[in-house]
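Enquirer: Chains as they are written, first to last, in this note's numbering: chain P, 71 to 383; chain E, 71 to 383; chain Z, 31 to 291; chain V, 31 to 291.
These are computed hints drawn from the structure, not numbers from a lab. Heads up, some of the hints might be wrong.
Restricting the straight-line Cα-Cα distance to at most 25 Å, the calculated cross-link-like pairs of lysine-lysine (DSS-like) are [as the list claims (entries may be wrong)]:
no.: 1; chain 1: P; residue 1: K339; chain 2: V; residue 2: K154
no.: 2; chain 1: P; residue 1: K227; chain 2: E; residue 2: K213
no.: 3; chain 1: Z; residue 1: K204; chain 2: E; residue 2: K227
no.: 4; chain 1: V; residue 1: K92; chain 2: P; residue 2: K376
no.: 5; chain 1: Z; residue 1: K204; chain 2: E; residue 2: K207
no.: 6; chain 1: P; residue 1: K168; chain 2: P; residue 2: K344
no.: 7; chain 1: P; residue 1: K336; chain 2: P; residue 2: K168
no.: 8; chain 1: P; residue 1: K168; chain 2: V; residue 2: K152
no.: 9; chain 1: P; residue 1: K116; chain 2: P; residue 2: K376
no.: 10; chain 1: E; residue 1: K214; chain 2: Z; residue 2: K152
no.: 11; chain 1: Z; residue 1: K277; chain 2: Z; residue 2: K92
no.: 12; chain 1: V; residue 1: K152; chain 2: P; residue 2: K336
no.: 13; chain 1: E; residue 1: K205; chain 2: Z; residue 2: K187
no.: 14; chain 1: V; residue 1: K152; chain 2: V; residue 2: K171
no.: 15; chain 1: P; residue 1: K114; chain 2: P; residue 2: K168
no.: 16; chain 1: P; residue 1: K205; chain 2: P; residue 2: K116
no.: 17; chain 1: Z; residue 1: K154; chain 2: E; residue 2: K207
no.: 18; chain 1: Z; residue 1: K48; chain 2: Z; residue 2: K38
All values reported here derive from a predicted model rather than from experimental measurement.
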Amino acid sequence: MNSKIMTASEAVERFIFDGASVGFSGQNVVGAPMAITHEIIRQKKKNLTLLGCNLSLPADILIGAGLVRKCEWGTCNIGYRGIPSMGYSARKYYQEGKLEIEDYEHLGMVSRFLAGEMGLPFMPVMSSLGSDILKYKAPSTEKKFEIIENPWNPGEKVLLMPAATPDVAIVHVQRADEMGDAIMEGFTATIPELVRASKKVIVSCEEIISSEETRNYPEMTTIPYIYVDAVVEQPWGSHPTATYRYYDCDVEHLRMYQECAEAALKEGKSGMQKYQDYLQEYVLSCDTFNDYLEKIGGVKKLMELKQRMREVI
Amino acid sequence: MNSKIMTASEAVERFIFDGASVGFSGQNVVGAPMAITHEIIRQKKKNLTLLGCNLSLPADILIGAGLVRKCEWGTCNIGYRGIPSMGYSARKYYQEGKLEIEDYEHLGMVSRFLAGEMGLPFMPVMSSLGSDILKYKAPSTEKKFEIIENPWNPGEKVLLMPAATPDVAIVHVQRADEMGDAIMEGFTATIPELVRASKKVIVSCEEIISSEETRNYPEMTTIPYIYVDAVVEQPWGSHPTATYRYYDCDVEHLRMYQECAEAALKEGKSGMQKYQDYLQEYVLSCDTFNDYLEKIGGVKKLMELKQRMREVI
Amino acid sequence: MGDIAYKKEELMVIEASKHINDGEIVFTGIGLPVVAVTLAQKTHAPNVTVVVESGVVGPQLKLAPLSIADSKIMRRAARLGSLREVLACILQRGMVDVGFIGGAQIDQYANLNSTVIGDYYKPKVRFPGSGGANPIASHAKRLLIITPHQKRRFVKKCDYITSPGYIDGPYGRKNAGLRMWNPSITVITDLCVMDIDSASGKLQLAKLMPDVTIEQVVENTSFELIIPPKVDVVDLPTETELNLIRKEIDPEGIYFSNKQN
Amino acid sequence: MGDIAYKKEELMVIEASKHINDGEIVFTGIGLPVVAVTLAQKTHAPNVTVVVESGVVGPQLKLAPLSIADSKIMRRAARLGSLREVLACILQRGMVDVGFIGGAQIDQYANLNSTVIGDYYKPKVRFPGSGGANPIASHAKRLLIITPHQKRRFVKKCDYITSPGYIDGPYGRKNAGLRMWNPSITVITDLCVMDIDSASGKLQLAKLMPDVTIEQVVENTSFELIIPPKVDVVDLPTETELNLIRKEIDPEGIYFSNKQN
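All chains, full assembly: derive it from the sequences and hints.
Expert: Written out as structure tokens, the structure is:
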């Protein structure tokens, strides 16, 4: 089979388009596909709709870069040791009326991907009921949900949520082969459902391994190649979030990011400049993610994060 | 935590009861939980309802032993190299009006377990439509299915199938620890959904390993202990079906079984005696599954099956 | 007859393999279908992905497995997962290009019966039932049926529709709610190749097997088969094709009777 | 005040731990809840199973993780799986005994808000939203809420109900279609412990923290809290409990402010 290996730049150019709906891996401070996210900012793909359970840092920085029209999420939570949980760019843009949010909760959202991956129009869900998640529709949505009676227990309400089928899913994993067979370690969060529900899939990975190796124990392959369109090798590709068993999150950098985003929210023009300076320094002025890795502290910092993961697990 | 290790006899005594609905692992000639199945026959648990996608040999022998009232299945297929696919006991009992069958298809059936494992009353399914699977209800069933209109695409029909939540699931796997964390190798077929949908779960395994070992790489654990009630160690516990990477199926014994079942169907009283003799010799007169393993050829045969698997994979 | 001796089943398998294109996802059952897809992989379609209902995605088959649950079918797969992953996340999602199915009866609308002969509650013969056949028939873009051509098998109306063909007419599937409402269906027998006449949703003769006459086909079919004005003849097998089957795919000759054409 | 100095949060955590029984399945969020469940495991409930939304089942926690996605929370788990496995196959299936939740506002029916302060479309402050909180509130048999007691937090009516308590009365959950329609809910603050008055579905005072008066509680609560005739006082922490928290669970003191009670 043909190799799907390409650079982050090629992958974004080929599969992300203005107005695309894009799903992301990542839970808080683990597993966000930051190398691909930076490339989207450099290529200024705009009017994006982002989908995910916890969209965390990738959503916040894309929103801060002014590229996002709408989010459909369970949460946007970056919280960690002293770092406020809400992404400040998301807060700023929403409060200023520049961002549409469709609020879901995690079970409802993963159920939407579950319907999508199985070719079903909707999925029954037994949460969200009684909450304002059902009360407030996003302006753009014609029908956020439907409530029917359980045919096997008349009188019982069952919520139906519509399938979500993003144009593209972007996920970061530990290892993949050139065809796209991908192995995830640690919790998989929503990756299996998200990937299988999406029309195109970009996998970024810490290491490319041979198909000989993946096929030795195919029980471990989280995503088989049939779903995958691009494989991008980028060690430390989820920095400043962690990659399980590889390196810990970079608390200092995450805090610095949130400080810049907070400044943009609270300090007017000078604060907004501070955030723009962050984007300029760490994303726009970098040719590749490797340039970024140099700037955040280079080899020494990366080895420190590797060591911290060893201590944690 | 308390150990859940017990003998097959204890597990059946504690968790299988007359009239129980029981789900089984196993696809054709792989992975059937035969040690536990034999024990059910010895303890004469009766009026059972069996549930599964491919119920294969466990269903056929329980039906032949006169212990089954009803099956809800996608198929009962034992077919392999020269062995007819239909279980002959199932054919005999159904044709003679002594067995109720609710016919489903595999996608519909696994969707029913999927609803069950997620605490949902039903699951949408897009197959079965237009077939006689929906035309013929089993006499006992009040409502086999419901068809609704897709709220997101008026005019489109969506089939809903009710959740299946067996009283007990019986599965055979490669390895488990004493708490019940179970590791499956090879395809998992319907095991994940079946186990999580069932109220009680008996896991029989080739080997018990330590929790130290299972917890070293928890991504590989197919079933976590919270679902498991009994762990039974029985090497060659799925004979005459195969256990992937451990031993191949025993074609000669499977053929002999089907010949006895065919005789019962076609040769009247003498044929029925032949089948009874099989049950007497290989199940009822055995104290444990180890006695059975001696009778089917002992160590020499078992080593041969082990060797055959090595050649296959 | 050609110069090379071949068995009927060999030619059926070779013909089936030609309906598989490179890069496609093929849902395989047991028996001749797995020989056909392996032959396609070894000839014109090396990048075919095989999926199997038990949870196997993309195995690298060497020898033909004997059952969908044969351990051989797991050989060097891309993924060993669950039945749901294959039947729901690949098949029902609409990713399968070609699906193989079969049955004890096939009727004029290409419906298949693998459940009962006779009355459902008091049948003459009970068969195993659907398994994965119904979902394959419901969701694959193209269906291939390899079957012996016998009058009792090619019936006007199935006693039980296990796997839907066109049900009762050109819009039968649409009316029933099947999304894949106009799949291509190809039936390959030892006498001929049939496909669907789109105006009626009924089976029509497409090609004859070498040395078979239209009369023979009609005699062995209980329903009125649509016969177009011009009917081609299936190509004879090549030596390469036969050698691949005999030496590489099925050296033990498990799938092929000893009758020669 | 007891003989031993302790921080308010320490006593809140110790009180919460007492609401967890041995053998139960506990759905944990970040922060103080994970300290409470770890303390329960190290005292009276060694066989508690922790589940975490990201896909972690039964980790053997040593140090308190700092986020539900902190790699520490995966330590020697029984299963590292998916969010669906935990939220659907454990939580929605009804297997969770105790769930921890929280929010920026809590109202008289124990509804929680973690979405917006002010109007939904033009809010004063936007918060992250539900995450797993809504499903936990919907499906756990018992709910525990550990929160600071502030007048602006304990409001009459939440600006937005992210996670349902009793919604608008004793049958509020039943009317909304929630299966777990009468869960026990316990709110533990630095001033008191509250639970649900089953007649009204509203919060009532259950216990006071040591040296706190009913007046103090009432002053810091914007809604009319139900006050039963007799109100007990929470036990003082023991040295063992404090030592476990300080030396084993959170030796770095990450979760506890420096204010002492």
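Enquirer: Now tell me if each hint is right for this structure.
Expert: Here is what the structure says about each hint:
1. K339(P) with K154(V): holds (20 Å)
2. K227(P) with K213(E): Roughly 18 Å separates the two Cα atoms, so the pair holds.
3. K204(Z) with K227(E): holds (10 Å)
4. K92(V) with K376(P): holds (20 Å)
5. K204(Z) with K207(E): Holds - the C-alpha atoms of K207(E) and K204(Z) are around 23 Å apart, at most 25 Å.
6. K168(P) with K344(P): holds (20 Å)
7. K336(P) with K168(P): holds (16 Å)
8. K168(P) with K152(V): holds (11 Å)
9. K116(P) with K376(P): Between K116(P) and K376(P) the Cα gap is close to 34 Å, so the pair fails against 25 Å, i.e. violated.
10. K214(E) with K152(Z): Holds, at about 20 Å.
11. K277(Z) with K92(Z): holds (11 Å)
12. K152(V) with K336(P): Answer holds: K152(V) to K336(P) is near 17 Å, not above 25 Å.
13. K205(E) with K187(Z): holds (15 Å)
14. K152(V) with K171(V): Outside the cut-off at roughly 35 Å; violated.
15. K114(P) with K168(P): Holds, at roughly 17 Å.
16. K205(P) with K116(P): violated (29 Å)
17. K154(Z) with K207(E): holds (19 Å)
18. K48(Z) with K38(Z): At roughly 16 Å apart (the allowed maximum being 25 Å), K38(Z) and K48(Z) satisfy the hint.
Of the numbered hints stated above, those contradicted by the structure are hints 9, 14 and 16, listed in ascending order.
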